[in-house]
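Which chain is which? The protein sequence lines are A and B, in order.
Read in order, the letters of the first sequence are residues 1 to 340 in our numbering.
Read in order, the letters of the second sequence are residues 1 to 340 in our numbering.
Don't take every hint at face value.
Since the list gives no way to pick one copy over another, a pair counts as held whenever it fits inside one copy or between any two copies.
Each computed DMTMM-like pair below joins lysine to aspartate or glutamate, with the alpha-carbon atoms no more than 20 Å apart [what the hints assert, rightly or not]:
| hint | residue 1 | residue 2 |
| --- | --- | --- |
| 1 | K51 | D134 |
| 2 | K125 | D219 |
| 3 | K240 | E268 |
| 4 | K240 | E267 |
| 5 | K21 | D131 |
| 6 | K240 | D258 |
| 7 | K76 | E108 |
| 8 | K21 | D50 |
| 9 | K76 | E61 |
| 10 | K125 | D281 |
| 11 | K45 | E29 |
| 12 | K240 | E264 |
| 13 | K125 | E29 |
| 14 | K240 | D261 |
| 15 | K45 | D134 |
| 16 | K21 | E52 |
| 17 | K51 | E36 |
Just so you know, these hints were derived from the structure itself, not from any lab.
Note that the structure is predicted; figures quoted are calculated from it, not measured.
2 protein chains.
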Amino acid sequence: MPKVAIIGLGLIGGSIGLALKRANLPDLEIFGHDVEFGVNGRARKLGAIDKEAKRPAQAAEGAALVIIATPILQVKATFEAIAPALAGGAVVTDTASTKADIMRWAGELLPDDVSFIGGHPIAGKETSGIDAADAALFEGQPWAIVPAISASEAAINTVENFVSLTGAVPTLIDAEEHDSYLAAVSHLPLMLSTALFSVASRSQAWPELAAVAGPGFRDITRLASSNPSMSHDISLTNRKNLVHWLDRYMEELHGLRDIIDSSETQEELIERFATVQTARDAFMVAPPPKPVPEQPTDPMSAGERMMSFMVGEYVVRRTKEVQELMEKRASGELDDLEKR
Amino acid sequence: MPKVAIIGLGLIGGSIGLALKRANLPDLEIFGHDVEFGVNGRARKLGAIDKEAKRPAQAAEGAALVIIATPILQVKATFEAIAPALAGGAVVTDTASTKADIMRWAGELLPDDVSFIGGHPIAGKETSGIDAADAALFEGQPWAIVPAISASEAAINTVENFVSLTGAVPTLIDAEEHDSYLAAVSHLPLMLSTALFSVASRSQAWPELAAVAGPGFRDITRLASSNPSMSHDISLTNRKNLVHWLDRYMEELHGLRDIIDSSETQEELIERFATVQTARDAFMVAPPPKPVPEQPTDPMSAGERMMSFMVGEYVVRRTKEVQELMEKRASGELDDLEKR
Numbered sequence: 001m002p003k004v005a006i007i008g009l010g011l012i013g014g015s016i017g018l019a020l021k022r023a024n025l026p027d028l029e030i031f032g033h034d035v036e037f038g039v040n041g042r043a044r045k046l047g048a049i050d051k052e053a054k055r056p057a058q059a060a061e062g063a064a065l066v067i068i069a070t071p072i073l074q075v076k077a078t079f080e081a082i083a084p085a086l087a088g089g090a091v092v093t094d095t096a097s098t099k100a101d102i103m104r105w106a107g108e109l110l111p112d113d114v115s116f117i118g119g120h121p122i123a124g125k126e127t128s129g130i131d132a133a134d135a136a137l138f139e140g141q142p143w144a145i146v147p148a149i150s151a152s153e154a155a156i157n158t159v160e161n162f163v164s165l166t167g168a169v170p171t172l173i174d175a176e177e178h179d180s181y182l183a184a185v186s187h188l189p190l191m192l193s194t195a196l197f198s199v200a201s202r203s204q205a206w207p208e209l210a211a212v213a214g215p216g217f218r219d220i221t222r223l224a225s226s227n228p229s230m231s232h233d234i235s236l237t238n239r240k241n242l243v244h245w246l247d248r249y250m251e252e253l254h255g256l257r258d259i260i261d262s263s264e265t266q267e268e269l270i271e272r273f274a275t276v277q278t279a280r281d282a283f284m285v286a287p288p289p290k291p292v293p294e295q296p297t298d299p300m301s302a303g304e305r306m307m308s309f310m311v312g313e314y315v316v317r318r319t320k321e322v323q324e325l326m327e328k329r330a331s332g333e334l335d336d337l338e339k340r
Numbered sequence: 001m002p003k004v005a006i007i008g009l010g011l012i013g014g015s016i017g018l019a020l021k022r023a024n025l026p027d028l029e030i031f032g033h034d035v036e037f038g039v040n041g042r043a044r045k046l047g048a049i050d051k052e053a054k055r056p057a058q059a060a061e062g063a064a065l066v067i068i069a070t071p072i073l074q075v076k077a078t079f080e081a082i083a084p085a086l087a088g089g090a091v092v093t094d095t096a097s098t099k100a101d102i103m104r105w106a107g108e109l110l111p112d113d114v115s116f117i118g119g120h121p122i123a124g125k126e127t128s129g130i131d132a133a134d135a136a137l138f139e140g141q142p143w144a145i146v147p148a149i150s151a152s153e154a155a156i157n158t159v160e161n162f163v164s165l166t167g168a169v170p171t172l173i174d175a176e177e178h179d180s181y182l183a184a185v186s187h188l189p190l191m192l193s194t195a196l197f198s199v200a201s202r203s204q205a206w207p208e209l210a211a212v213a214g215p216g217f218r219d220i221t222r223l224a225s226s227n228p229s230m231s232h233d234i235s236l237t238n239r240k241n242l243v244h245w246l247d248r249y250m251e252e253l254h255g256l257r258d259i260i261d262s263s264e265t266q267e268e269l270i271e272r273f274a275t276v277q278t279a280r281d282a283f284m285v286a287p288p289p290k291p292v293p294e295q296p297t298d299p300m301s302a303g304e305r306m307m308s309f310m311v312g313e314y315v316v317r318r319t320k321e322v323q324e325l326m327e328k329r330a331s332g333e334l335d336d337l338e339k340r
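Please take these sequences and the hints and turn them into a complete structure.
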């Protein structure tokens, strides 16, 4: 019976468990562990895991796939804790919002006969914790996949297939690129949102401001409700890129401020707003061309998906081809095929 | 037959028409005018207005209530156009996102025997134009009401009742306060969102950034899709307050940047994120205490609402009380009541 381990059962870990359960793979057994008291039991009752593990190593022991969904700074200690228990050939992945430090820790701490493929589901919501877990959280959202240099093709396929099962769109990317890009489109927005809520709510006029705050304000400050330790860990592990983008952003905003402040730049102002509106509307309708990840083109059965999930897609497809070949040989179709 | 005029039939004007129609007031006739070709007919077909007016003055002529929902900078010319046509005692309101300039123009251009009550529905969506109009757009959202000093109590009541009919929450406020508060919670967010989409989309790595942009990025850049001429008009008519808040914001963001950049301020960093998260969560559950607008406490019938809409609530309530008194007198209850 193939074993999968989820270590860290918050919003992300819990949602992964629920999504895997929803995919209805035969014979899959999910072991889960969370450091917080009571969370293991809650995750089992919600149907996110099958078995509660007392320690990370107990969850990881003999697992074909280990998913680490702890806060970023806890991933290092988790690597140390599970390293002795990991089976040879096991595939390990994570869900942290930054990747460069994670890849370095994996290289230092995980055994050589284990494949590490970094992961980052680019999804979330205002609420956190196991009770906010949602099987549909990842549907249609990008999920960055960052293979270690030493990772095998089969291990990459395993993680890609696992990601596809959750409904997310696997996006292969390098760790440095990941952290630089995410600084712009995820970590910078987090800081902008936080700073906006901070400056508004610390104003003396806050009760009056709040009374006229509409849906625009509520939407744009949504990220200010993010888990503080996540924001802290992101700031710490992606400091260089984040500061770079904060500086670029402040330069941009200062330019806009100066155009607004001058009475001689009205045309430039409306042109700027119009350019941005057009670009964003285009982005919402169809994002600019991007590298498309390799995806299976024909649907697989549940059994094939389970097998593919464990051994890599190539082996499954080759097996299927061979089986079809054998069937055709048995039915006498083969001669014709070989003559073509 | 009481006449209402809506001048400007975009998202806001169209939604006001639909909301008034949905309220199902007896004998109400809505005249509408839009400067753009074809919009009048479209608004009538959608059921947002009853009659198409060829010019603003034609719509306003003899109307008990005139609602101006044009772009901000067009409001001045609209005042000039309708002034000669307005009936004595007419109530005029608007929907512009800034109020100080509007109040000044109204004082200069509207006749003395007309009451002007500025208005601002704090609602909206990404799309604009009559085809995006929605009867439910204002439901539960704040709607700022800014009476001119000369406005009568009855005129204020008319506008408050009109706003309540759309489902919005009327919020009485002074023009200077309005513009200062809205600069913080609406116009500043508009600029932050615009600057973020601008800096990301002008980056060389934009296709890669877009590929990993998740729901957080899409939400926080929603306001960058706002109508460019609206953003321009806001910047122009609320320049001083907006620049003030942009400067306060940049100071806040710079402080956050410096804490992130330093390796010695980790505790301060997590504390700051935690403080903001707690404050925003509290805001979402229950906004801080604010001045509560006077609201009718018992429901009125459609006929009472129509009457109240036109003559002011006090008169309707007093009429209702007198009628009840007469009924009680007729049924012999009155002596007991008077003895209490």
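Hints and how they fare:
Taking the shortest alpha-carbon separations for K51 and D134, only the intra-copy value of 19 Å comes in at or below 20 Å, while the best inter-copy value is 49 Å. Taking the shortest Cα distances, K125 and D219 sit within 20 Å of each other both inside one copy (12 Å) and across copies (11 Å). Taking the shortest Cα distances, K240 and E268 sit within 20 Å of each other only across copies (18 Å), while inside one copy they are farther apart (33 Å). In this homomeric assembly, K240 and E267 come within 20 Å of each other (Cα to Cα) only across copies, at 19 Å, whereas the closest approach inside a single copy is 36 Å.
Taking the closest pair of Cα atoms, K21 and D131 come within 20 Å of each other only inside a single copy of the chain (16 Å); across copies the shortest separation is 42 Å, beyond that limit. Taking the shortest alpha-carbon separations for K240 and D258, only the inter-copy value of 12 Å comes in at or below 20 Å, while the best intra-copy value is 27 Å. Within a single copy, K76 and E108 get their C-alpha atoms as close as 10 Å, which meets the 20 Å cut-off; across copies the closest is 69 Å, which misses it. Taking the closest pair of Cα atoms, K21 and D50 come within 20 Å of each other only inside a single copy of the chain (9 Å); across copies the shortest separation is 55 Å, beyond that limit.
In this assembly of identical chains, the alpha carbons of K76 and E61 lie at most 20 Å apart only when taken from the same copy (18 Å versus 74 Å across copies). Proximity of K125 and D281 under a CA criterion of 20 Å is satisfied inter-copy only: 13 Å between copies versus 23 Å inside one chain copy. In this homomeric assembly, K45 and E29 come within 20 Å of each other (Cα to Cα) only inside a single copy, at 15 Å, whereas the closest approach across copies is 59 Å. In this assembly of identical chains, the alpha carbons of K240 and E264 lie at most 20 Å apart only when taken from different copies (15 Å versus 37 Å within one copy).
For the homomeric pair K125 and E29, neither the shortest alpha-carbon distance inside one copy (27 Å) nor that between copies (45 Å) is at most 20 Å. Taking the closest pair of Cα atoms, K240 and D261 come within 20 Å of each other only across two copies (8 Å); inside a single copy the shortest separation is 31 Å, beyond that limit. Within a single copy, K45 and D134 get their C-alpha atoms as close as 14 Å, which meets the 20 Å cut-off; across copies the closest is 42 Å, which misses it. In the homo-oligomer, the alpha carbons of K21 and E52 lie at most 20 Å apart inside one protomer (15 Å), although the nearest pairing across protomers, at 58 Å, exceeds that limit.
In this assembly of identical chains, the alpha carbons of K51 and E36 lie at most 20 Å apart only when taken from the same copy (16 Å versus 65 Å across copies).
The structure fails hint 13 only (numbered hints given earlier).
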